[in-house]
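S.K.: Sequence:
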Amino acid sequence: MILDASYTLLFACLALLIGMIVVKISPFLQKNHIPDAVVGGFIVAIVLLIVDKAAGYTFSFDT
Numbered sequence: 001m002i003l004d005a006s007y008t009l010l011f012a013c014l015a016l017l018i019g020m021i022v023v024k025i026s027p028f029l030q031k032n033h034i035p036d037a038v039v040g041g042f043i044v045a046i047v048l049l050i051v052d053k054a055a056g057y058t059f060s061f062d063t
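Residue numbering for the sequence shown follows my numbering, starting at 1 and increasing by one per position.
To be clear, the hints were calculated from the coordinates, so they are not data collected in a lab.
Be aware that one or more of the hints could be misleading.
Cross-link-like lysine to any residue pairs, in silico, SDA-like; alpha carbons within 20 Å at most [as the list claims (entries may be wrong)]:
(1) K31 <-> I21
(2) K24 <-> D36
(3) K31 <-> M20
(4) K31 <-> F42
(5) K53 <-> F42
(6) K24 <-> I2
(7) K24 <-> I43
(8) K24 <-> A12
(9) K31 <-> I18
(10) K24 <-> V39
(11) K24 <-> C13
(12) K31 <-> L16
(13) K24 <-> P35
(14) K53 <-> S6
(15) K24 <-> M1
(16) K53 <-> L16
(17) K24 <-> V44
(18) K24 <-> T8
(19) K24 <-> K53
(20) K53 <-> C13
(21) K24 <-> L3
(22) K24 <-> I34
(23) K53 <-> G41
(24) K53 <-> I43
Have a look at the derived ranges for each label pair, beta carbon to beta carbon [what the hints assert, rightly or not]:
(25) K53 <-> I2: 18 to 24 Å
(26) F42 <-> A5: 28 to 34 Å
(27) Q30 <-> S6: 16 to 22 Å
(28) P27 <-> F59: 20 to 26 Å
(29) I43 <-> D4: 19 to 25 Å
(30) I50 <-> I2: 16 to 22 Å
(31) V47 <-> A5: 30 to 36 Å
(32) I25 <-> I2: 31 to 37 Å
(33) K53 <-> T8: 30 to 36 Å
(34) P35 <-> F59: 21 to 27 Å
(35) N32 <-> Y57: 32 to 38 Å
Bear in mind that the values here come from a model prediction, so they are computed numbers and not experimental data.
A virtual CB, placed ideally from N, CA and C, is assigned to each residue, including glycine.
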């Protein structure tokens, strides 16, 4: 599935929001100053990997 620029921006915003929430509730991430974007991007990458391996869907983001 190829995602255009608007969907790419939407996924980036969701990744950042997820990262902000996770960092806010995790003392370990706060103490070590791990950026929200890194945490959110890592979570989204793992979810997309699971979707790819389990269901066979591949995603291609417009850059």
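S.K.: It remains to establish, for every hint, whether it holds in the given structure.
M.R.: Results of checking the hints against the structure:
{"no.": "1", "hint": "K31 <-> I21", "result": "holds, 15 Å"}
{"no.": "2", "hint": "K24 <-> D36", "result": "holds, 9 Å"}
{"no.": "3", "hint": "K31 <-> M20", "result": "holds, 14 Å"}
{"no.": "4", "hint": "K31 <-> F42", "result": "holds, 18 Å"}
{"no.": "5", "hint": "K53 <-> F42", "result": "holds, 17 Å"}
{"no.": "6", "hint": "K24 <-> I2", "result": "violated, 32 Å"}
{"no.": "7", "hint": "K24 <-> I43", "result": "holds, 15 Å"}
{"no.": "8", "hint": "K24 <-> A12", "result": "holds, 18 Å"}
{"no.": "9", "hint": "K31 <-> I18", "result": "holds, 18 Å"}
{"no.": "10", "hint": "K24 <-> V39", "result": "holds, 11 Å"}
{"no.": "11", "hint": "K24 <-> C13", "result": "holds, 16 Å"}
{"no.": "12", "hint": "K31 <-> L16", "result": "holds, 19 Å"}
{"no.": "13", "hint": "K24 <-> P35", "result": "holds, 11 Å"}
{"no.": "14", "hint": "K53 <-> S6", "result": "violated, 25 Å"}
{"no.": "15", "hint": "K24 <-> M1", "result": "violated, 32 Å"}
{"no.": "16", "hint": "K53 <-> L16", "result": "violated, 24 Å"}
{"no.": "17", "hint": "K24 <-> V44", "result": "holds, 17 Å"}
{"no.": "18", "hint": "K24 <-> T8", "result": "violated, 24 Å"}
{"no.": "19", "hint": "K24 <-> K53", "result": "violated, 30 Å"}
{"no.": "20", "hint": "K53 <-> C13", "result": "violated, 24 Å"}
{"no.": "21", "hint": "K24 <-> L3", "result": "violated, 29 Å"}
{"no.": "22", "hint": "K24 <-> I34", "result": "holds, 11 Å"}
{"no.": "23", "hint": "K53 <-> G41", "result": "holds, 18 Å"}
{"no.": "24", "hint": "K53 <-> I43", "result": "holds, 16 Å"}
{"no.": "25", "hint": "K53 <-> I2: 18 to 24 Å", "result": "holds, 19 Å"}
{"no.": "26", "hint": "F42 <-> A5: 28 to 34 Å", "result": "violated, 23 Å"}
{"no.": "27", "hint": "Q30 <-> S6: 16 to 22 Å", "result": "violated, 32 Å"}
{"no.": "28", "hint": "P27 <-> F59: 20 to 26 Å", "result": "violated, 32 Å"}
{"no.": "29", "hint": "I43 <-> D4: 19 to 25 Å", "result": "holds, 23 Å"}
{"no.": "30", "hint": "I50 <-> I2: 16 to 22 Å", "result": "holds, 20 Å"}
{"no.": "31", "hint": "V47 <-> A5: 30 to 36 Å", "result": "violated, 21 Å"}
{"no.": "32", "hint": "I25 <-> I2: 31 to 37 Å", "result": "holds, 34 Å"}
{"no.": "33", "hint": "K53 <-> T8: 30 to 36 Å", "result": "violated, 22 Å"}
{"no.": "34", "hint": "P35 <-> F59: 21 to 27 Å", "result": "holds, 23 Å"}
{"no.": "35", "hint": "N32 <-> Y57: 32 to 38 Å", "result": "holds, 33 Å"}
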